[in-house]
Amino acid sequence: MSVAVEQLTKQFTAGGSPAVSEVSFRAPAGAITTLLGPSGAGKSTILRIIAGLEAPDAGTVLIDGVDCTNLSAQKRSIGVVFQSYALFRHMTVRENIAFGLNVRKLPRPEAEARVDEMLKLVQLEELGQRYPGQLSGGQRQRVAFARALAIRPKLLLLDEPFGALDTRVRVELREWLHELHKQTGVTTLLVTHDQEEALEISQHVVIMEAGRVAQAGPPAEIYDRPATPFVASFVGGTSVLNGHIHEGRAQVGSLIVAAPKSAREGEAVRAYVRPHDIKLMKTASGNGGNSAAPGRVERLKPVGGYVKVLLKLPTGDTVTVEVPRTEFDQLGVAEGDAVHADVRTANVFVGDFSI
Amino acid sequence: MHVSSLQLQRRTHAAAGPAPFRWLLIGTALLFLGLFLFIPLVAVFTFAFEKGAGAYLASLAEPETWSAIRLTLTAALIAVPLNLAFGLAAAWLIARFRFPGRDLLITLIDLPFSVSPVIAGLIFVLLFGRQGWLGPWLAEHDLHIIFAVPGIVLATLFVTFPFVAREVLPVMQAQGSDEEEAALTLGASGWYTFLRVTLPKVKWGVIYGVILCNARAMGEFGAVSVVSGHVRGVTTTLPLHAEILYNEYDFVGAFTAASLLTVLALITLVVKKYVEWRAHTP
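So the sequences go chain by chain: A and B. For the first sequence, my numbering assigns the number 1 to the initial residue and increments by one for each residue that follows. For the second sequence, my numbering assigns the number 1 to the initial residue and increments by one for each residue that follows.
Note that these hints are calculated values from the structure, not bench results.
Derived pair list, reagent style DSS-like, types lysine-lysine, alpha-carbon separation capped at 27 angstroms: (1) B:201 with A:75; (2) B:201 with A:105; (3) B:203 with A:105; (4) A:154 with A:75.
Using the sequences and the accompanying hints, generate a full structural model.
Below you can see the structure in the form of structure tokens.
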């Protein structure tokens with residue numbers, strides 16, 4: 001089942017800026033679609049509107065092409081997983097999972113079989129008689145998934161499902177969710193502010209900025225061809241360099257990178273550079289079309305497999321460069337050293353700097 | 001582990017100040033407790049049994065004592081369920097919704113706490129009494145509220161009004177509405193959600209509120225005294241009964257009634273303690 005929203009608008013405080021403003025996008029059937037954006041961008045509000053927990057001021061919610069905007073939450077048959085788990089604390093794991101089945105008055109043997117099936121799906125067969133308070137955060141969230149999936153929902157909505165968990169469990173569960181989705185194939189809409197999560201497990205990403213859709217597309221497209229400066233800076237830990245157009249190319253200090261064709265001579269530009277798109281060298285032996293710029297190593301931050309190098313350019317801009325550990329060891333630089341930076345690729349935006 | 005707990009102990013001792021000061025504080029607290037709580041408690045039973053168990057039981061067997069017990073129970077049996085229903089509805093409304101007049105409702109719930117019980121009783125006299133607003137109409141239809149059982153029930157209702165709402169509201173607010181929303185998305189109706197999700201969540205708050213409400217309903221004196229008219233055996237609750245007997249120098253009778261209320265208070269304390277303990281052990 002696919003889900004689509006059209007021209008969705010929601011304002012919580014009269015006179016304030018709307019939480020969601022004329023948002024339209026489509027989540028394809030059977031895929032994981034991610035709403036990605038900073039907190040306060042309106043992602044959760046959209047999710048709550050789709051779930052029927054919030055009514056939009058304007059716009060429509062279409063599930064499989066059918067207008068569901070005025071359908072109550074209890075009639076939508078949408079599974080929702082909340083960041084806070086929202087498990088019924090006075091019920092056992094089994095009772096939690098069976099809740100939606102009991103509401104539907106499913107015959108007992110059938111319901112029991114479904115609960116068993118769900119427990120197996122989320123790999124918690126042993127813990128059916130436990131109470132939520134006796135489970136770890138990761139286990140609780142898996143129960144929440146089982147409860148939401150038990151009703152065979154048309155659609156699964158996940159509101160920052162791993163937001164309350166520590167990094168290791170979060171990464172594990174991300175992998176687990178990927179597997180789960182492969183097994184169930186249910187159309188899923190995930191809300192997150194974690195870009196790694198979004199890029200890793202979704203087939204479709206919708207980037208939200210201040211209540212509006214900034215860009216929508218497959219993860220690779222979002223990453224490689226950001227449509228706006230906001231997307232470029234939000235995704236990929238980019239550094240921003242200021243420069244101007246010179247002879248059809250963007251000149252950023254002594255770096256020269258490709259610029260949009262529409263750019264006029266002398267116009268101000270901003271180049272968004274990914275930390276792994278910069279090559280560090282000890283000497284200025286620029287290769288390819290771009291040139292290498294001199295810089296000074298401000299700080300070194302070893303982060304496991306790679307080293308984050310904070311580089312100060314003569315223009316005053318600071319860029320972050322990620323150098324793989326082995327390459328860094330060969331390079332042999334220390335804080336304060338003069339080095340040269342070669343930009344492999346950058347996203348250049350002209351004029352509009354509103355981010 | 002052992003060492004650190006020892007250190008912690010020493011630190012709390014140090015934080016409590018030098019030993020003489022500490023003992024002075026503890027001594028003062030104990031003295032007050034003894035003077036104002038323990039001695040009166042003992043006194044109630046001493047006076048009640050002053051002339052032996054026979055006199056106590058005889059006083060207990062008086063028809064007027066029985067009618068006082070009956071009336072006290074009747075008032076509580078009506079007031080507590082009504083305030084339970086109101087308290088749950090009001091707490092749910094205030095915790096879950098934003099609406100105009102919400103702040104006014106919160107203030108109004110607290111009104112019986114801030115109004116003197118005697119004034120509360122007077123309000124009903126002014127409303128339903130012979131010279132009151134509705135007095136002539138009530139007299140015309142032969143309805144008796146003031147100096148009758150309905151007045152006592154009304155006064156009891158009024159003074160015990162806030163207890164359940166006040167206990168349940170913070171529990172509801174603290175727990176949020178995530179579980180209710182989850183239930184809704186799973187297809188549950190509002191009523192089903194209330195019975196299966198909300199009520200079990202706030203269960204201990206409700207029980208706690210009911211206990212307090214009941215204790216106050218049975219023990220209320222001021223408001224009930226004003227509307228009662230002290231018709232012996234008809235409109236006297238236990239506290240009023242105790243007062244009447246005391247004024248007639250029937251000390252054994254007065255303290256027998258008082259001892260019943262004291263036992264009720266002690267039971268309330270034990271149950272309250274148990275509920276608090278249960279509420280904090282998941």
